[in-house]
Structures are given as C-alpha cells and as structure tokens.
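Colleague: The lines below spell out each chain.
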Amino acid sequence: MLEILILLAGIAAVALVNWYFFMAPRTAVAAATSAAGRQEVTIRVEGGYTPSVIRAKRGKPLRLIFDRREKSPCSDEIVISEFGVRRFLKPFEKTVIDVTPAQAGAFEFTCGMSMLRGQIQVEG
Amino acid sequence: MQPTTLDTTEVTIPVSGLTCASCVGHIRQALEEQPGVTAANVDLVTREAKVAFHASDTSVEILVDAIRGRGYGAELPAPGASLADEQAAQELAQAEEYNDLRRKAIVTGVLGAGAMLLSMPLMSERSHTTHGGGDPILGPLMDLIEPPVRSAMPWLYSLEPSVLKWTLLLVTIAVVGWAGRQFYTRAWTAFRHRTADMNTLIAVGTGAAFLYSVAATVAPDFFVRNGVPAEVYYEAVAMIIALVLAGNALESRARGKTSEALKKMLLLQPAQARVLRDGTELDIPAGDVRSGEVVLVRPGERIPVDGIVMEGRSAVDESMLTGEPVPLQKEVGDQVIGGALNRLGSLRYRATTVGAASTLSQIVKLMREAQASRAPMQKLADRISAVFVPIVISIAIATFVAWLLLAPEAGLVRALSAAVAVLIIACPCAVGLAVPTAVTVAIGRGAQAGVLFKGGEALEKLHEVDTILLDKTGTITQGRPSVTHVVPAGGFLEETVLATAAAVERLSEHPLAEAVVAAADQSALILSPAEDFDAAPGLGASATVDGRRVLIGNQRLMESQGIDATALLPKAEEFSAAGATPVFVAIDGTAAGVIAITDPIKPTSAAAIGKLRAKGLRVVMLTGDRRTTALAVARSAGIEEVIAGVLPEGKVAEVKRLQQEGRRVAMVGDGVNDAPALAQADAGLSMASGSDIASEASDVTLMRSDLEAAVSAIDLSHRTFRVMKQNLAWAFLYNVIGIPVAAGALYAAFGLLLTPVLASAAMALSSFSVVSNSLRLRR
Numbered sequence: 001m002l003e004i005l006i007l008l009a010g011i012a013a014v015a016l017v018n019w020y021f022f023m024a025p026r027t028a029v030a031a032a033t034s035a036a037g038r039q040e041v042t043i044r045v046e047g048g049y050t051p052s053v054i055r056a057k058r059g060k061p062l063r064l065i066f067d068r069r070e071k072s073p074c075s076d077e078i079v080i081s082e083f084g085v086r087r088f089l090k091p092f093e094k095t096v097i098d099v100t101p102a103q104a105g106a107f108e109f110t111c112g113m114s115m116l117r118g119q120i121q122v123e124g
Numbered sequence: 001m002q003p004t005t006l007d008t009t010e011v012t013i014p015v016s017g018l019t020c021a022s023c024v025g026h027i028r029q030a031l032e033e034q035p036g037v038t039a040a041n042v043d044l045v046t047r048e049a050k051v052a053f054h055a056s057d058t059s060v061e062i063l064v065d066a067i068r069g070r071g072y073g074a075e076l077p078a079p080g081a082s083l084a085d086e087q088a089a090q091e092l093a094q095a096e097e098y099n100d101l102r103r104k105a106i107v108t109g110v111l112g113a114g115a116m117l118l119s120m121p122l123m124s125e126r127s128h129t130t131h132g133g134g135d136p137i138l139g140p141l142m143d144l145i146e147p148p149v150r151s152a153m154p155w156l157y158s159l160e161p162s163v164l165k166w167t168l169l170l171v172t173i174a175v176v177g178w179a180g181r182q183f184y185t186r187a188w189t190a191f192r193h194r195t196a197d198m199n200t201l202i203a204v205g206t207g208a209a210f211l212y213s214v215a216a217t218v219a220p221d222f223f224v225r226n227g228v229p230a231e232v233y234y235e236a237v238a239m240i241i242a243l244v245l246a247g248n249a250l251e252s253r254a255r256g257k258t259s260e261a262l263k264k265m266l267l268l269q270p271a272q273a274r275v276l277r278d279g280t281e282l283d284i285p286a287g288d289v290r291s292g293e294v295v296l297v298r299p300g301e302r303i304p305v306d307g308i309v310m311e312g313r314s315a316v317d318e319s320m321l322t323g324e325p326v327p328l329q330k331e332v333g334d335q336v337i338g339g340a341l342n343r344l345g346s347l348r349y350r351a352t353t354v355g356a357a358s359t360l361s362q363i364v365k366l367m368r369e370a371q372a373s374r375a376p377m378q379k380l381a382d383r384i385s386a387v388f389v390p391i392v393i394s395i396a397i398a399t400f401v402a403w404l405l406l407a408p409e410a411g412l413v414r415a416l417s418a419a420v421a422v423l424i425i426a427c428p429c430a431v432g433l434a435v436p437t438a439v440t441v442a443i444g445r446g447a448q449a450g451v452l453f454k455g456g457e458a459l460e461k462l463h464e465v466d467t468i469l470l471d472k473t474g475t476i477t478q479g480r481p482s483v484t485h486v487v488p489a490g491g492f493l494e495e496t497v498l499a500t501a502a503a504v505e506r507l508s509e510h511p512l513a514e515a516v517v518a519a520a521d522q523s524a525l526i527l528s529p530a531e532d533f534d535a536a537p538g539l540g541a542s543a544t545v546d547g548r549r550v551l552i553g554n555q556r557l558m559e560s561q562g563i564d565a566t567a568l569l570p571k572a573e574e575f576s577a578a579g580a581t582p583v584f585v586a587i588d589g590t591a592a593g594v595i596a597i598t599d600p601i602k603p604t605s606a607a608a609i610g611k612l613r614a615k616g617l618r619v620v621m622l623t624g625d626r627r628t629t630a631l632a633v634a635r636s637a638g639i640e641e642v643i644a645g646v647l648p649e650g651k652v653a654e655v656k657r658l659q660q661e662g663r664r665v666a667m668v669g670d671g672v673n674d675a676p677a678l679a680q681a682d683a684g685l686s687m688a689s690g691s692d693i694a695s696e697a698s699d700v701t702l703m704r705s706d707l708e709a710a711v712s713a714i715d716l717s718h719r720t721f722r723v724m725k726q727n728l729a730w731a732f733l734y735n736v737i738g739i740p741v742a743a744g745a746l747y748a749a750f751g752l753l754l755t756p757v758l759a760s761a762a763m764a765l766s767s768f769s770v771v772s773n774s775l776r777l778r779r
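Chains as they are written, first to last, in my numbering: chain H, 1 to 124; chain A, 1 to 779.
The set of hints was computed from the structure by calculation and includes no laboratory data.
These figures come from a predicted structure and were not determined experimentally.
Quick reminder that beta carbons are idealized off the backbone N, C-alpha and C, glycines included.
Hints should not be assumed to be uniformly reliable.
Below, a list of computed lysine to aspartate or glutamate pairs in the DMTMM-like style, where the Cα atoms sit at most 20 Å apart [stated by the list, open to error]:
| # | chain 1 | residue 1 | chain 2 | residue 2 |
| --- | --- | --- | --- | --- |
| 1 | A | K365 | H | E82 |
| 2 | H | K71 | A | D85 |
| 3 | H | K60 | A | E61 |
| 4 | H | K71 | A | D100 |
| 5 | A | K379 | H | E77 |
| 6 | H | K60 | A | D65 |
| 7 | A | K263 | A | E97 |
| 8 | A | K379 | A | E369 |
| 9 | A | K50 | A | E75 |
Partial chain H-side listing against chain A, Cβ under 10 Å, derived [claimed, not checked]:
| # | residue |
| --- | --- |
| 10 | A13 |
| 11 | M23 |
| 12 | E93 |
Please build the complete structure, drawing on both the sequences and the hints.
Modeller: Take a look at the structure:
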C-alpha cells in the first residue's frame, strides 16, 4: 500500500514539474507603435524574458528595450540570430536594440547559451 | 559614455540644426522631459548636448530620438567608441564575476574542509561502513586522515554529537547563506518565470541535502522513531557548493577568453590622432578625424583611420588586420588601413573612410555579427537545452522513488543521496556552451589571420566542400597585367600598333586595357583621341582613331569581323603557351599586330594550391582567357583542371554544373565581378578589394588577396567543426552516462555509486573542459 502511494506521489511530482515548466502559458505582447511609426517594446530581463513573446509588424522599425534587472551571468548576453545581434546587457540598465523585420515569421531571441528564450512574431 | 557615479551615466551627443539660443532651451527641455534624465546641458558653440541620466530608465538611443523628435539633428556617439565601451563593460562584469566566484569558492572550500573535520567523529554514527557517506573520493580520503585527526585532536571526539551537529549547522548556514545564496535566488527568479537552469539543479540538490540534515539536527528523535538514521551531510553540502563555485569560476574565466580576439581588434585603433588643421598640428581623439583631413603618423605609431598616402614612405605592419605577415612598403598613392602599425618612416596621409565605414569598424561589425550567428549544429543542442532541466528533475524524482521501491533496505538516505547526485551531476551548461564557444573562438582566430567568416553556418559549409573553383585573374595571378611584347604585322611599326591600341583602350575599363595604356605611357607615346568607342564584353573593343577604324581584342573578335590574322597566329600561340594573353590589333580591316600581356602568378599561389590539393580538394581554375594561356598559367600554378573561355555570366553556370554532379563547391574570386558565382557556390570566398570588405554574396571575406588565406579558412573550418563535434559528443555523453550512473544504474551489477560530492566535481569540470576545448582553436 505504501509502495503504491510512493509511486503515485512520484508520478504526480514528475507530472507537476513538466506541467509547470513546459505548459507555461506564454502571453504575446504586441509592440506599441509610436507617433513616428516605430514599434517599441520593453522586455524585462530577470530569470527570463517578460514578456517572452513579442508581436510586431513587418517592414516597420522595431525597438527592443532590454531592461536587465539582475547580475546573473546567465542573462548577460542577448542573441537575435535573425538580425545578427549579439549584445552584452549591462546589469540594471536598459539596452536598446533597433531592428527592422523584413520578413514575416517567428524569430527566436535567446541568452548567450540559448537557455533563456523568447520570440518575436512578425506579422505580414 | 562613462559612468559618473554609481547609477548615473553621462553622454555627449553631437547635435545639429542649432540656429539660435532658444534652440538650446528646446533641446534641453526635450531631454529633461525624458524619464531618468538628471541633468542636460546644450552647448551652442561645440554643438553638443551633455546629458546625465540613470541608465536603468533610459538609454542614449532614446535620448537621441528625443532630440530628433523636436526637429533637430542628433547623432549617436561614434559606434567604435560605443563598441569599445560595451566591450569594456562586459570585461569588467566578467572580471568582477570571476573574482567574486573565486573568493567564494576558496572561502567555501576552507569552510567545507572544516566541516569535514567536524563531521569525522560523527562518522561512526553513519549507517554505512565507509566514511563520507560511501563517497568514492571523500570516503577513502576521510578514512586516510581520520586516524591522525583522532590522535591530534582527541578533544574533538569527546564532544557531544549534538554539539558537533549544531556547530556544523552554523558553518553550513554561513556557506549556504553567503556563497550559495546566488544559486537559490537565481533559481527562484527563474522558477517564477517558469524556467529552470543550472541554478535550479544546484539549489534543489544542495537544498534537499541541507534541509534533511537540518531536520536530523533539530528533531533527531523523530527520525529514530521512524527507523530513519538521523545523519547529517553538512560537509557534503559545503563541498558541493565549493566545487560548483570553483567550476563556475574556471568557466567564467575561460569564457572571457573566447572573445579575446575581438578585444584585441577593438584596441587596434589608437585613442589619439595627429591632424593638420589650419596649418597647425593638433592632437585630437581618433574618433573625431573627418574624412578628407590630413593625418600625420610617426614611426612606431598606429595608423588612426583609413587613408591614402600623400607624403613619405614607410613599412606598415597590417598583420593584425589582414594576417599578412610581412610589413608592406607604403608610398605616395598607397592605401593605409586604420589600426595598422607604422614601422619605420613618417607618413602624411589623407583620411578617406572614418567611423562606421572604416575597415576596422567593418571587421569588428562582421566579427560581432558572425559571433551572434547560430551554427546549424547548434539546433540539436538548442532542442536539448530547452527541455534539459525539467527532464533532469523528473529523472531525480524517478530515481528517488525507484530506490525506495526497489531497494527499501538501502533506506531513505541512500534514495535521497542518489536523487541529489542526479541533480548535481547534470550539466546543462556544457550542452549550451559546446557550439557557441567554438564559433566565437573560431571567428576571432579567423579575423586575426585575415579570414572573416560570416558566421557559424559559413564555417560549417566550408568544411563540407570537396571542390574549389579559383578565378584566375586577381586570385591566382596578381591581377596587375603588363605588356611584355608588341609584335607588328608586316608593314606596321611597333610604335604605331601600341599607340593606336592605347588610344582605344584609354576609353576602356578592362584590366588588360590598363596594361596597354601603361605600356604606351612608359614609351612616352603620344596618343590621338579616339571616337565612337564600342566595347564587346568578352571579345574586345573598337573605336575610330585619326579617321581609321581600330579593332582590339581576342582571336574570336577578329574572326567575327572577318579579319585575316593568320600571319600573327604562330606568335599568338607562342605567347599563349608561355602564359601570356595575346591581344590582336586590326587597323582598317587589316591585322596590324599582336600584343602579349602577362599577369604574373602570385608568389604564394602555387604553394597554396599544393596545400589545397593535399587536402584532397578538387582544384579547378576558372577564366575567360583562351585555353592555351589558361593551361600555361595552370601548369605553373600546379592546377590540372581548367575551365577556360568562360564569359563573366558563365561562371555561375559552371558552379551549378559541378553542383549537379554532386560536388560541394567553394568559389574563390573577387567580391564584385564574381558575386553571382560566389553566391551560387556552397561556400563563396571573396578577396577584399579596397575598403569594402563586406561582400553580400560571399560567406567568407579574405582580407589579403593571397590564396594562403583560403587555405587558412578551410583549415580553420575543419578544426572548428571537429571541436564542435567533440564538444557536443562530450556534453551529451557526459550527461547520458553521468546521470544514470549517479542514479545508481550500475549499483546492482558493480556496486558503483556516485555520491553528490563526486558528482559536483564532475559537473564543475565538464563545462570548463568544453570551453577549454574551444579555446584550443586560438592556436
């Protein structure tokens, strides 16, 4: 009886871990468009990216402001391969990255070791 | 930009469009309205805005936009400066991190050793026969030092076990709360974002062992009542944290070294430049040199910006930029590159490209973009990194449950120890670092040898190549053709043939045409004006000189115009066989003569081609020249396969044809004329011409027009690919073998078990060894 309980508890714990980390709802945030026609969004960098999914329009300049709120070396670099960006993010500072998405699609941004990740969804 | 106090940053932004004093007020207001700006001053005379701001609230880009929003012009400070600034900030952060980790690792190591001593008298209490919880490293070590400790510190053994436990608890709280705190806080932040990383594993692993020990210290009776030994593992917790910190410190320092090449590049531009303004020599920041300005360089100084020599002569060492080992002699009219070292003479030169357009800035930009790129091999690692930690936690839970169910006699402690070992040994960092560190180091190494890769994909593609196409002119040969012979037909004078040909060629842009004009200049011939010029690509040109129709070009042109050149053909064949290009001249429909033009092979070409062939590559020469000439050049260069008589647009077709045969083709040529073929090839290598180094079409830019650079590029691509494969294999195998062994997979058969402390030692070494392996590419 105890054995069955242990087994069930184990299965429940594994399920909980996987649900918590993999089934996380990722809310997409659309970049706000300024009067000048530029899209802008601020992304908080602390143990991950908040928001982690950015929606943007194709062909319009997009300003990503990475607001790094920690010193952990895990997040010290931001990489957006699609736009050839690898930048160091100073701790507790805002770093501006300007890009212009030329194509529609989903493009990843990650930390230097691709452990932390987010996505830019470019709509046509 | 420089930090002035802890949290304010000051920046100077060049402003334009200032017409009156009220503009100053407008801009200041615009800046002060921005959140985070503490002070703003605008100087009407220097046309600069000095702004102090909190970097946590705004950035230079936002401030520049705020000024522009008011209708004024504003520029970001020089990109070179901001890159260097960013690099410096990164270095500073890395150095701080390394020092912090090292200090914590050392102190924790000492405390951990103390904890080992204190826990020795408790050993006999433990349920296992050996010390250190049966740890293969810690156990025998403690067995070894226990007797001397016992005889040296008998008082230790007379202390109450509860006193020892409470002392150990205090020591470990110090370790966990000070040195280990970063693991717990970072794991918690990640957890809140529903992500998990290396910190999560260490935090959960050491946390479980620590909490178990605390419970056993506080309420030993409860454990005993339930048949569970009230054992403590404080020394293991402290040693794990010490070892992981030591591993992180080693990794941090090694990671800093991966971008060393980029740092060195950024340091090449001197801070100061000496310019001539209004007749006086002035020392100004190198970033302020304007295009067209006269710059003075003394022996031993670095050249501040790109330019063309106006006065003086000197040997200039460009090895850091182009990989060219021998200093180059620079004279009036020669190009100098910013960042190169002026050796012996003084130079006075006119600045050409400055700022972002300069060669050095372009190299640095290319390097950074390349280092940002993802190698295709990374995809697999990425997929694993994304799911790694939650899966390891799941395995740890399964391990714990399996021990309880399958080996109940081993007890709760053994189950916990195995689960903690699984958490500690798993190393996601090794997987994440495997490919990016290799790419970063390789891009840097390449740049130092004058080979600029577009990115990880270019490195991988070049490594797959089995056939290499070499453009003849400018790639194998020097690309500076000169006239060696002029042979007139019967009834014509040598001077007439050359002067008439030069009169036509003066209007042409063909490289061979320049050679003809240069030869006429050398003989001081007077050239008549030419009219009705017409160029036939791939054939030649025609024009009217002194009322006579002149044709100049290859045999095909003569044939197509029905000109009988048979008398000249033996001579033309003779020239071809010697590797020269025969150019026919016809005046008013009669063959007048043939001119031999030679483009000498570069001194390094033959050796480089030999190396390419020694690598098993199929080397093919591609040229628009006639077959005999091409074969002669190929023979001296050591090439067996020649595709001659190819029109410029035919090169793409040749690349395609080889690809259809199933070959992986690399093409080496110049970035402008050969661009379509370079783009079509699996890997395009362009030789940099002038200051434009970023050819869109090519995957690799060779900073010196020397085939040895192509050999270096291929060598480096092979070495990098090997390192990436080794790293990935090591990172995967390490985890694939380490995790099951830690879980106890080998226990039933061999009695082999990894304990948490041994697991932490393995983990500390695994990511460090991946980065160290990548660093081998620096050589």
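Colleague: Which of the listed hints are broken here?
Modeller: Going through the list in order, the structure violates no hint and respects every one.
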